[in-house]
Every structure is written in structure tokens, then in C-alpha cells.
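Colleague: Kindly generate the complete structure, drawing on both the sequences and the hints.
Here the protein sequences come in this chain order: A and B.
Heads up, the first sequence is in full-length UniProt numbering, so the first residue is 1 and it goes up one at a time.
Heads up, the second sequence is in full-length UniProt numbering, so the first residue is 1 and it goes up one at a time.
Keep in mind that the hints are not guaranteed to be accurate.
DSS-like cross-link-like pairs, simulated, lysine-lysine; straight-line CA separation at most 27 Å [to be verified]:
#	chain 1	residue 1	chain 2	residue 2
1	A	Lys310	A	Lys108
2	A	Lys101	A	Lys286
3	A	Lys216	B	Lys76
4	B	Lys294	A	Lys320
5	A	Lys108	A	Lys186
6	B	Lys243	A	Lys354
7	B	Lys76	A	Lys286
8	B	Lys201	A	Lys354
9	A	Lys315	B	Lys201
10	A	Lys320	B	Lys280
11	B	Lys76	B	Lys24
12	A	Lys108	A	Lys271
13	B	Lys280	A	Lys271
14	A	Lys320	B	Lys24
15	A	Lys315	B	Lys243
16	B	Lys294	B	Lys253
17	A	Lys286	A	Lys216
Calculated directly from the structure, the hints in this document are not laboratory data.
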Amino acid sequence: MRRWIAHLDMDAFFASVELLRYPELRGQPVVVGGGSRHPPLVQPDGTRRFARLRDYAGRGVATTATYEARAFGVHSGIGLMKAAALAPDAVLLPTDFDEYKRMSRLFKQAVLEHVAQIDDRGIDEIYFELTDLPGAQDAVGDDPHGGVRAIAARIQQAVQAATGLSCSIGLSPNKLLSKICSDLEKPRGLTVITEADIAARIWPLPAKRINGIGPKANAKLDSLGLRTIGDLAAADPQGLIERFGRSYGSWLTEAAHGRDDRPLSYSRDPKSISRETTFERDLHAKHDREELGALFTRLCERLADDLKRKGVVAKSVGVKLRQDDFRIVTRELTMDRYTADAAVIRRHAGLCLKRMPLERRFRLLGVRAGHLLAADQAAEMPAGQEEGQLALPF
Amino acid sequence: MLLMKIEREQLLRPLQSVSGIVEKRHTLPILSNVLIDIEGDALTLLATDIEIQIRTRSTGSISAAQPASLTVAARKLQDILRALPEGQEVSLDADERKLTVRAGKSRFTLQTLPAQDYPRMQLADGETTKISLSQKTLKRLLSLVQYSMAQQDIRYYLNGLLLSVGDEEMRLVATDGHRLAFVSEPLPGVTGKLDVILPRKTVLELARQLADIDDPVDIELGANQARLRFGSVELITKLIDGKFPDYERVIPKDHPKELLLQRATFLPALQRAAILTNEKFKGVRVVLSAGTLKLISSNAEQEEAVEELEVDYSGEGLDIGFNVSYLLDVLNNVSGDTLSLRLNDGNSSALITLPGTDAFKYVVMPMRV
Chain A
1 MRRWIAHLDM
11 DAFFASVELL
21 RYPELRGQPV
31 VVGGGSRHPP
41 LVQPDGTRRF
51 ARLRDYAGRG
61 VATTATYEAR
71 AFGVHSGIGL
81 MKAAALAPDA
91 VLLPTDFDEY
101 KRMSRLFKQA
111 VLEHVAQIDD
121 RGIDEIYFEL
131 TDLPGAQDAV
141 GDDPHGGVRA
151 IAARIQQAVQ
161 AATGLSCSIG
171 LSPNKLLSKI
181 CSDLEKPRGL
191 TVITEADIAA
201 RIWPLPAKRI
211 NGIGPKANAK
221 LDSLGLRTIG
231 DLAAADPQGL
241 IERFGRSYGS
251 WLTEAAHGRD
261 DRPLSYSRDP
271 KSISRETTFE
281 RDLHAKHDRE
291 ELGALFTRLC
301 ERLADDLKRK
311 GVVAKSVGVK
321 LRQDDFRIVT
331 RELTMDRYTA
341 DAAVIRRHAG
351 LCLKRMPLER
361 RFRLLGVRAG
371 HLLAADQAAE
381 MPAGQEEGQL
391 ALPF
Chain B
1 MLLMKIEREQ
11 LLRPLQSVSG
21 IVEKRHTLPI
31 LSNVLIDIEG
41 DALTLLATDI
51 EIQIRTRSTG
61 SISAAQPASL
71 TVAARKLQDI
81 LRALPEGQEV
91 SLDADERKLT
101 VRAGKSRFTL
111 QTLPAQDYPR
121 MQLADGETTK
131 ISLSQKTLKR
141 LLSLVQYSMA
151 QQDIRYYLNG
161 LLLSVGDEEM
171 RLVATDGHRL
181 AFVSEPLPGV
191 TGKLDVILPR
201 KTVLELARQL
211 ADIDDPVDIE
221 LGANQARLRF
231 GSVELITKLI
241 DGKFPDYERV
251 IPKDHPKELL
261 LQRATFLPAL
271 QRAAILTNEK
281 FKGVRVVLSA
291 GTLKLISSNA
301 EQEEAVEELE
311 VDYSGEGLDI
321 GFNVSYLLDV
331 LNNVSGDTLS
341 LRLNDGNSSA
351 LITLPGTDAF
361 KYVVMPMRV
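Modeller: Okay, here's the thing in C-alpha cells:
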């Protein structure tokens, strides 16, 4: 039996969600990002006036861009000021994470009507297995993989019907290849690849298309003259191990040959949950005390909400600062009991902050909850004696 | 300007004894550096993280034409020296902003920062209590208790080690609130009473640096700082300002059940039982009955381990749970083939001592398994 793993990736997800709300922007370059300022204004005649990239000043980044904006070289993660230089007339929309999360739940539910479980990789992408679905192993006409292709097409339609949004699906024997091929025919792509297609379809691609080869590894590969996945597959495996270490080096060879036997992971058991925010301007612990205090409290409240929504409690709290010189400072504290309470988290986060150097201004503040445990598990423990461990009676 | 020529080991060894406290990511860039000071035939290295400062001074390994001081990245210099062949002669040249390290056909140019900007700690004036003991004694005492110190506990005074001097003895106590380790050592001639808390990092650094030799460690305890001198090293540390809990209250005096355990059989049995404890809670059941001690563990997958040991015990039975790591810690750190274990009931602490001496005590609270 042939193993079929699907990778489903929503097409330009955030931008597409926005286009559902503002259909008049369809076909235009649109960039989403930069916090919640610059919402569209409804004018007296009922039409909407949108902010343009050229008007943006600040240090926000693009969370996403429509395919039209991507044609100008704007991509997610790019600074908005830099994006404005590339596409000054592009429409700029504020980020609305609550709406994206709602749509994310909708498309995942739609997929779950067809498969029993999904490997949830984030807000806009999932993996799932089709191997055992009725018809998945059947040929249809001349197409030996017509059966599985038809199932994937039905799932694409179901996502479209539930959300009004399109997605691309990659189908292959494993996660690694499916992730690569969901990207090959975007948008609305449905790409099927088997071992026999690797040489023709995967090897010509740049090495960095492999999920796991980041900018640093890619630069190193490039300096060795290894530009495509095919170059990597042809490279001496021993040489890769010598240059990249045993584990990563041998993985590079495996990945280049499209070999990946990772199972799908259906339960995500997070080790920690964090919330962070980059300020509009750099803040100072003393001079901006009030503003900072309020931000800090709100972060802790949102973190507490995250914990409650996921049904977990935390034993440790950490704080992260990014200073104006981009250095990152972190401090962590273990609490004497598990909690998901915003006030308790805020108090301990405050204690962390006290132990941090605060002479410089900083640009980012983050709060992290760690050592997580399911709330019901923690509730079974006697109060003050979490994990059943008794304390010394000082 | 040529600063000095020196054999690799003569520079690497003192560098390694100061660089352990250099923080990898510190907000003050200069604190990633080590201060190098040369004058005549004396080479002084100094590093600090503002809480601790370590200085080493050696003479005779160099001869400098003129005195100089500068600071340079400690880790980088150490990595370079370490990667050079043994016995290699190294020369150091400095100009205004750079230090050039030459060795054979290798050359490294490192950035420097001015020595006068480097923060230095000094033992504050005022009365100090002075004590002295051999390096190997202090090393042994630290190893008996340091594993019980808390780590990042909100009760900051537990993230360290209590050093209590008085009545012709010295006591060291560490606790994380769940277990406590105590050791005492006679210190003839010392009177008066003084309690200080040494920070965790200082304790770990001392344990790392002290040698198994009879040479002395001279300790001076001030109000907020302590200074320790041994070999060519001088360590100055801040003390933790806080009140250490009353440890004597939690050391049980009259637990009725007592048995002797042989380390050679008990430790390996615990290590095997630990394999199937729950990853998060690490609980192991200790089931005591006449003639036998059973260790039972199980994990979330319902896998189970049972170890049975013969013991010389004829008292009442008891079923009590412990965090297996707390038991392994003490067994891994005490020397001696036989340990005494005293118990009361399933909710009371266990007391572990070494037969024939009051000098060492380990108290551990049970856990509900």
C-alpha cells in the first residue's frame, strides 16, 4: 500500500481573509501588517478609503501580501518601510489576528470532516494522512493516483465552501516532500509526487526549499557550490557530515533524496506558551514606567487567556527583553505552584523584570509561561503541594 | 607593542580559572572580556559578572618590558589558546584597539576595550571573620551539600548555601524547600557566630576550582561580601542578603524506624527503578516490611519496576513515596558504604545520615505517589 501524506497550505492566508471582507481590493497589491492602526475609513458615499504603503511610518513588518503585491517583491516578514519603497501604491491593511484564527478553525474543521485527525502546524497549514481512505489507492482512468487526487480535490472544495478561501495541497509519501510540493503550483495547486518524480520535479529546486535548510545552512551550501536539491543529492554524504556534523549532515542527504519517515504528530503538547510585543517606539523602564506597566499587564492577561484556552497551567514564568542594541535578555522564575492566573503571572513576571538590567531602552517585551501541565492534572494535587511533593515544615 | 611572550599553558591555565564566571550573554559588553594586567614578571587575569570576581596572579612565566593592561573577549582568547598545540609559544602584541596573538604561523587579531572601564569588586572595609581550612576539606564539604541548593527559586535566599560559623565549628546547609543537606566540620579556635549565604554560582565555581590538596583556603567573611583565597586564585563574591530558614527545626530528632542501607546495593536498585518513574514526577514507592525493602515505580504508560532488597529491619511496615532524584542525589554524593535511614510515617520526612557521625544529615520530604 502506498503511503499518502497531504500538506495543505492556505493561499496567502491573511491577505485572502482580508479580501473576503473588502472584495473591492481583489486584483490589487495588498499588504497586511503594522499593528491595528490605519483601518479603512468609510466615506460619506459608503465607499472605503484604504491606507497606502507610502503613508506608513514605523517599524512594523508585513505579515502577508497578496500575489499581486508579491510581484513587486513584497513578502511576509519584510519591513513595511522597505515594502513601501518597492510598492508605494499597495494598499495597507491592519492585522486582525482574531479573524484569522476564526478562519483557521473553520478550515481545519472542514478538513476534519474528511479525515480523522490532522497534524496542526500553525494558523494556515496542516498535514494529514490519506493512505487508508476509501479509494485512496485506486487508479482513475490513465491516472494511477487518480483516487487520492480526487479525495484531495474534494477537501480543497470543502475548505473553499467553509471559508470562501482557496488552498494548495501537496501529496506525496511523506511530510518533507508534501511540504515542498504544496508550494509548487500555488495558488489552488494540487500537486502529486511519488519517489519516481523526485529527480524531475524536486532536484531542480533550490536547496532552501527543503523545510529545515535555513538561510545560514543555505549560505554554507551555496559556498560549497551546492545550489539545488539535486546538487545536494549528488554530494558526497561523508563530506556533508564532515561539514555539517553527523546529525544534520546525514539528514541533508536523506532530505535531498526525499526520504523522511517522521510520523504525523496529532497531539501538540506545548512546552511553553509565550506572548510578546514590539513597541511603536523604544521604551525605558523608568521614563515610560506607566505605559510599560500597562503593556506588561496586558501581555500577562493575554498569556493567561492562552493558558486557559489550552487548558494548561504553568509552573514557571519568564520575561524577555530586546534592547535598543538588539541584544536579548531573559530571566525566568519557578513559582511555588501551578497557575493560569493573570495576576499571579504578572507578579512573578515583575520579579523577573526586577532582576534584569534596565539602563537601556528596549524595543520588545515578551512573557513566557513554562513547565506546563494539564489543568485537570494539576487540580488533583493537594493545594500548595503540586506534584504530590511535600514541603519541609520550616 | 610587544606585551609578552608566554607558553600556551602558562596563559591558558589561569584564563580557565577566571573565565568560568564570564556570562555568555551579558548586557554590558565589557563583561564578556577578561582583564589582563602585566607588570615585570607578574601576570594578573581578572574576570567578573559583577556578583563574583575571580583574579589569578602568577609570576615568573613572563618578562614584560613595560607594564600594560587591557581587556579582551575571554571565550575567544580561551578558544584560540585551547586550539593551539601543547607547549606552543604565544606572543601578545597590543596597539590602541587591538590585541594580536601570534603562535607559530598563526595570527589572531582581537578587539580590546580599555582596562580602566572594567568593573572591579573590592572587599569593603570593616570587620571580617577569618577562617581557614584545606582545599580538599572545603571541596568535600561542598560536594556533600551543594546539590540541594534551589535554582531560580522565588525564595531567593534558597538559591545559595548557608555558611554558618560559630562554637568552634563550621556548618554548611543547602535546601530547595523539599530536601535539605547539612554538614558540619570542626574549626578550632573560631568563636562568635556568623551566618552568611553564598550565591549558587559562587558555590558551583568553588566546587569546580578547589583541588584535592592540603593547601589552605583562606576565607574572609564581611557583611555583604566574602573573599576566598586559594592557590593563585582570589575570589570575591557578593553574599545573598536574606534570612535562611531555621534548618534545625526540620531535622527530625526521634524518628522511630531505623535501618542500615548498603550503598553498593541500594544505589543501583534505585537507578534501575528510576527508569520507569513518571518523567515529570519521578516518584518511587519505598515499601518497608520486616526483612525487606521494596522499591516500586510506574510511569504514565503503566509500565512498572519492582526492586527487592534484604534489610535488617524488624519494625512496623511502611509504604512511603519519594522523588527518586532526591534519593539518587544524596547517594551519588556521600562517600561511605553504609547509610542510616530513619523514618516515621508516610507524611513525615526521612533522615539519612552516616553511621557513627553527626556531621552529615540529609532530610527529604516524601511525595504522594
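Colleague: Give a verdict on every hint.
Modeller: So, going through the hints one by one against the coordinates:
1. A:Lys310 / A:Lys108: 17 Å, holds
2. A:Lys101 / A:Lys286: Violated - the C-alpha atoms of lysine 286 of chain A and lysine 101 of chain A are around 36 Å apart, more than 27 Å.
3. A:Lys216 / B:Lys76: 21 Å, holds
4. B:Lys294 / A:Lys320: This hinted pair is violated, its Cα atoms lying about 46 Å apart.
5. A:Lys108 / A:Lys186: Cα-Cα ~19 Å, so holds.
6. B:Lys243 / A:Lys354: 20 Å, holds
7. B:Lys76 / A:Lys286: Given that 27 Å is the threshold and the Cα spacing comes to 35 Å, the pair is violated.
8. B:Lys201 / A:Lys354: Distance ~19 Å between lysine 201 of chain B and lysine 354 of chain A Cα, so the pair holds.
9. A:Lys315 / B:Lys201: 23 Å, holds
10. A:Lys320 / B:Lys280: With Cα atoms ~26 Å apart, lysine 320 of chain A and lysine 280 of chain B stay inside 27 Å; holds.
11. B:Lys76 / B:Lys24: Given that 27 Å is the threshold and the Cα spacing comes to 11 Å, the pair holds.
12. A:Lys108 / A:Lys271: Holds - the C-alpha atoms of lysine 271 of chain A and lysine 108 of chain A are around 23 Å apart, at most 27 Å.
13. B:Lys280 / A:Lys271: 12 Å, holds
14. A:Lys320 / B:Lys24: Holds. Lysine 320 of chain A to lysine 24 of chain B sits at ~16 Å (cutoff 27 Å).
15. A:Lys315 / B:Lys243: At roughly 25 Å apart (the allowed maximum being 27 Å), lysine 243 of chain B and lysine 315 of chain A satisfy the hint.
16. B:Lys294 / B:Lys253: 25 Å, holds
17. A:Lys286 / A:Lys216: Violated. Lysine 286 of chain A to lysine 216 of chain A sits at ~38 Å, over the 27 Å cutoff.
Against the hints set out earlier in the document, violations occur for numbers 2, 4, 7, 17.
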